[in-house]
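*Asks:* Put together the whole structure using the sequences plus the hints.
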Amino acid sequence: MATENAIAHHDEHRDDEGSRIGMWLFLVTELLLFGGMFFVFAVYKYVHYDAFHLASKELSALVGTINTIVLLTSSLTIALSIKAMEDGRKTLSLVLQSTTLVFALVFLVNKYFEWSAKISHGTYPGSEEMMSRPNGEILFFGLYYVMTGLHALHVIVGLIIIAVMILFTVRGSIDRDRHVHLVNAGLYWHLVDVIWIFLFPLFYLIA
Amino acid sequence: MANSEQEHAHIGYGGYTLIWLGLLALTALTVTAAGVNLGNVAVAVTILIATVKSYLVATIFMHLKIESRLFRVVVYAAIFFIVVSIILLFSDYTFLRE
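If you're matching them up, the sequences are chains S and X in order. When the first sequence is numbered by this note's numbering, its final residue is 207 and no position is left out of the sequence of numbers. When the second sequence is numbered by this note's numbering, its final residue is 305 and no position is left out of the sequence of numbers.
Since the hints were derived computationally from the structure, they do not count as laboratory data. Quick caveat, the model's predicted, so the values are computed rather than measured. Among the clues, some could well be false.
Stated by the list, open to error - Computed cross-link-like contacts, DMTMM-like style, restricted to lysine to aspartate or glutamate with a CA-CA straight-line distance of at most 20 Å:
#1 S/LYS118 to S/GLU137
#2 S/LYS118 to S/GLU58
#3 S/LYS83 to X/GLU274
#4 X/LYS272 to S/GLU17
#5 S/LYS118 to S/GLU129
#6 S/LYS83 to S/ASP175
#7 S/LYS57 to S/ASP16
#8 S/LYS90 to S/ASP175
#9 X/LYS272 to S/GLU86
#10 X/LYS272 to S/ASP16
#11 S/LYS57 to S/GLU129
#12 S/LYS83 to S/GLU137
*Replies:* Shown next as structure tokens:
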């Protein structure tokens, strides 16, 4: 170890690949977190098949589809923003990062209206209306709020991260040759998209 | 998957857009399939489509396809063990329930 210190480099130490793999391993732990919830969902769906089917019909497939399109498109724009950065097209990258930010906001606004409508109808955990329903429906909506809520929390975190990336790009600390932070932000954002890819059909379409 | 790494090393603007169109098409497919009464296979069809979509996002948007072989082994091994633990959970639930 002493020899390693003796030949310490004077240049900046960077390991972009190591940085990316660290991000990936973190994302895998996120999959484990959501995977556990999907397992709970699958078991209760099996046990309360009819109740889950009925409760699922109360969700708007249209709102779910719109949010799916919004997230898929935001995944495209963040991927393109990284490509633009690699090509040295900083302005284009900034425009694409900002577009991603707007899509994230659109997703959250849709989610806000969706949840408000549900809550104003008394459909929320612990409400009188909810407690009068069969167990299966209580479980469905409980999982709906926890899982889409945790997902929305990830969207909010992603939104903040992308905002920071925009700031970094403007300041110049992210550029053509040093943009691993932007790449990792993109990876996080794509994971948010992947989780929604599973959440959407399971809650809105087939249950 | 048989394609060389070089071929994918530079995914262009057009390539990303094409994948995005594919993802939208698969979304349309999953929404349409939900409208048809598929009975017991509905869940399987939905999960299959979602898996294909996730695969496209992971390999193209998340660049897994153009990462080094060791990188992919690390990531796929991690995902593999998540799948294993979920399967074990299901078997545990199925056999210990009664």
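*Asks:* Hint by hint, work out which the structure violates, then give me just those numbers in ascending order.
*Replies:* Checked against the structure, the hints that fail are numbers 7 and 12, while the rest are satisfied.
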